[in-house]
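Student: Keeping their order, the protein sequence lines are chains E and A. Per this note's numbering, the very first residue in the first sequence carries number 1; after that it's consecutive. Per this note's numbering, the very first residue in the second sequence carries number 1; after that it's consecutive.
Calculated from the structure, these hints are not laboratory results. One or more of the hints may lead you astray.
Quick list of in silico lysine-lysine cross-link-like pairs, BS3-like style, CA-CA up to 27 angstroms [what the hints assert, rightly or not]: (1) E:137 with A:4; (2) E:101 with E:111; (3) A:31 with E:132; (4) E:43 with A:227; (5) A:166 with E:95; (6) E:90 with E:43; (7) A:31 with E:95; (8) A:82 with A:167; (9) A:131 with E:132; (10) A:82 with A:2; (11) E:111 with A:31; (12) E:101 with E:132; (13) A:101 with E:95; (14) A:31 with E:101; (15) A:131 with E:137; (16) A:31 with E:114; (17) E:106 with A:31; (18) E:57 with E:106; (19) E:43 with A:31; (20) A:136 with E:90; (21) E:137 with A:2; (22) E:43 with A:166; (23) E:57 with E:90; (24) A:101 with A:2; (25) E:90 with E:101.
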Amino acid sequence: MRLRCALGLILATLTTVATAGSVEDQIRFRQSAYSFMGWNTAKIKNQAVDHPESYNKDQIIAAANAIAAVANSSLLDLYAPGTDQGTGWKPSHLKADYFQKQDEVKEINAKFIKEANELQAVAATGDAAAVKTQFGKLGAACKSCHDLIRVRD
Amino acid sequence: MKVKLKIWDWPLRLFHWLLVLAVLGAYVTGKLGGLLTEWHSRLGGLVLGLLIFRFIWGVIGTTHARFLNFFPSFSRLAAYFKGGWQGAGHNPLGALAIIAKLTVLLLLVGTGLFANDDIGFEGPLFHGVNKDLSDKLSGWHSWLVNLMLGLVVLHVSAIIFYQWVKKTNLVLPMLTGNKQLPDTLAANSIGPVSPLRFVVALLVSTFVVWGVWSVELADYLTSLISKVMT
């Protein structure tokens, strides 16, 4: 029984490593994910918030789709123990107490996914004002996580 | 005998209460994020304008608004702690706290101008620096908030202390401009506010805020800086 448990644990660990990669890979993947999302959030901020006259429905749909895809890609798999240390494209900015805050993290992650999906749905309608409002909600979800688990420069 | 003396002029009082609202609003919108970040930025602009106004008013304003008249020099502080300080405006210890608050607010606005939040916010001068520096300044910005909170707590505690222990109301004078003081200090009553000086201070501070926020001026300054650097 104990052996089976141990085997199961090893197997589970191996699967995670296989899908998410080494510590450095995980940090690199998630940094890439956020920086790619940043390109898309900047596009929405620019067109839906700062310069509504430049609103381009197709570009906003593409951006919202990309954000939703990243949000739904199981990002939390990239936060294995040890990934608060180490360097991807740049040093990890994950707070060490991330691993003690799992309840809050999961809650925020669920909210982030919900708001990203909602943004995708709203973008499809082409309603610029609604996109702006929903973008604000998504931004608040991003921020709540930054405030909780990200090390400030 | 105590007499009613005018010590705070109306632009100073207006500055004080607008600053309270702007800082409070900036704090709340900064914590909440989302679309309120836009308002955080606008309130930051208001704080910048108010600070510049205060610095100008600290030179050309009425007696107790002037920095030189309440600057907490070593001799003034020493006299104050020995109980020998006499005056109508800011006492030297209070002056120290005021200068600390103005400095921290200036640093907050200064770092905020270059900040970004990796979501959608970029300060008006963000493009004048590289991303790494902006990230660093953003970190300082949020760290300085704690310092500011500490100073606000100190400020409010001092007011409560004066009310309960010293039986002196400091809030009312900041609203009306008048304070009950010994008649020996009657000569410290301020004169009328010069409308011209107020308009000059208002115009200069408005112009600076407008200049910082208008992209053209920011771009011009950026190109100027890069010219100097190369």
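Student: Does each hint hold? Answer for all of them.
Tutor: Hint by hint, here is what the structure shows:
For the proposed pair residue 137 of chain E and residue 4 of chain A, the alpha carbon gap of about 52 angstroms is over 27 angstroms, so the pair is violated. At roughly 16 angstroms between alpha-carbon atoms, residue 101 of chain E and residue 111 of chain E fall within 27 angstroms of each other, so this suggested pair holds. Between residue 31 of chain A and residue 132 of chain E the alpha-carbon distance is near 19 angstroms, which keeps this suggested pair within the 27 angstroms criterion. Under the criterion of a C-alpha separation no larger than 27 angstroms, the hint pairing residue 43 of chain E with residue 227 of chain A is inconsistent with the structure, at around 30 angstroms.
A C-alpha spacing of about 46 angstroms is found between residue 166 of chain A and residue 95 of chain E, which places the hinted pair above 27 angstroms, so the restraint is violated. A hinted pair counts as satisfied when its Cα atoms are at most 27 angstroms apart, and residue 90 of chain E with residue 43 of chain E qualifies at roughly 24 angstroms. With a C-alpha separation of about 19 angstroms, the suggested pairing of residue 31 of chain A with residue 95 of chain E holds against the 27 angstroms cut-off. For the proposed pair residue 82 of chain A and residue 167 of chain A, the alpha carbon gap of about 21 angstroms is at most 27 angstroms, so the pair holds.
For the hint pairing residue 131 of chain A with residue 132 of chain E, the CA-to-CA distance comes to about 25 angstroms; that is within 27 angstroms, so the pair holds. Between residue 82 of chain A and residue 2 of chain A the CA atoms are separated by roughly 23 angstroms; this keeps the pair inside 27 angstroms, and the hint holds. Distance restraint check for residue 111 of chain E and residue 31 of chain A: the Cα-Cα separation of roughly 18 angstroms lies within the 27 angstroms cut-off, and the hinted pair is therefore satisfied. Under the criterion of a C-alpha separation no larger than 27 angstroms, the hint pairing residue 101 of chain E with residue 132 of chain E is inconsistent with the structure, at around 30 angstroms.
The suggested pairing of residue 101 of chain A with residue 95 of chain E is violated, with an alpha-carbon distance near 30 angstroms, which exceeds 27 angstroms. For the suggested pair residue 31 of chain A and residue 101 of chain E, the alpha carbons sit about 20 angstroms apart, so the restraint of at most 27 angstroms is met. As the CA atoms of residue 131 of chain A and residue 137 of chain E are separated by approximately 25 angstroms, the hinted pair is consistent with the 27 angstroms bound. For the suggested pair residue 31 of chain A and residue 114 of chain E, the alpha carbons sit about 21 angstroms apart, so the restraint of at most 27 angstroms is met.
Among the hinted pairs, residue 106 of chain E with residue 31 of chain A is consistent with the structure: their alpha-carbon atoms are about 21 angstroms apart, no more than 27 angstroms. With a C-alpha separation of about 32 angstroms, the suggested pairing of residue 57 of chain E with residue 106 of chain E is violated against the 27 angstroms cut-off. About 23 angstroms separates the Cα atoms of residue 43 of chain E and residue 31 of chain A, which keeps this hinted pair within 27 angstroms; it holds. Restraint check for residue 136 of chain A and residue 90 of chain E: the C-alpha separation of about 14 angstroms stays at or below 27 angstroms, so the hint holds.
A threshold of 27 angstroms between alpha carbons decides the hint, and for residue 137 of chain E with residue 2 of chain A the separation of about 57 angstroms lies outside it, so the pair is violated. Taking the CA atoms of residue 43 of chain E and residue 166 of chain A, the gap is about 57 angstroms. The hint is violated against a cut of 27 angstroms. A C-alpha spacing of about 34 angstroms is found between residue 57 of chain E and residue 90 of chain E, which places the hinted pair above 27 angstroms, so the restraint is violated. A threshold of 27 angstroms between alpha carbons decides the hint, and for residue 101 of chain A with residue 2 of chain A the separation of about 31 angstroms lies outside it, so the pair is violated.
This hinted pair checks out: residue 90 of chain E and residue 101 of chain E have alpha carbons roughly 24 angstroms apart, not beyond 27 angstroms.
In this structure, the hints that do not hold are numbers 1, 4, 5, 12, 13, 18, 21, 22, 23, 24, in rising order.
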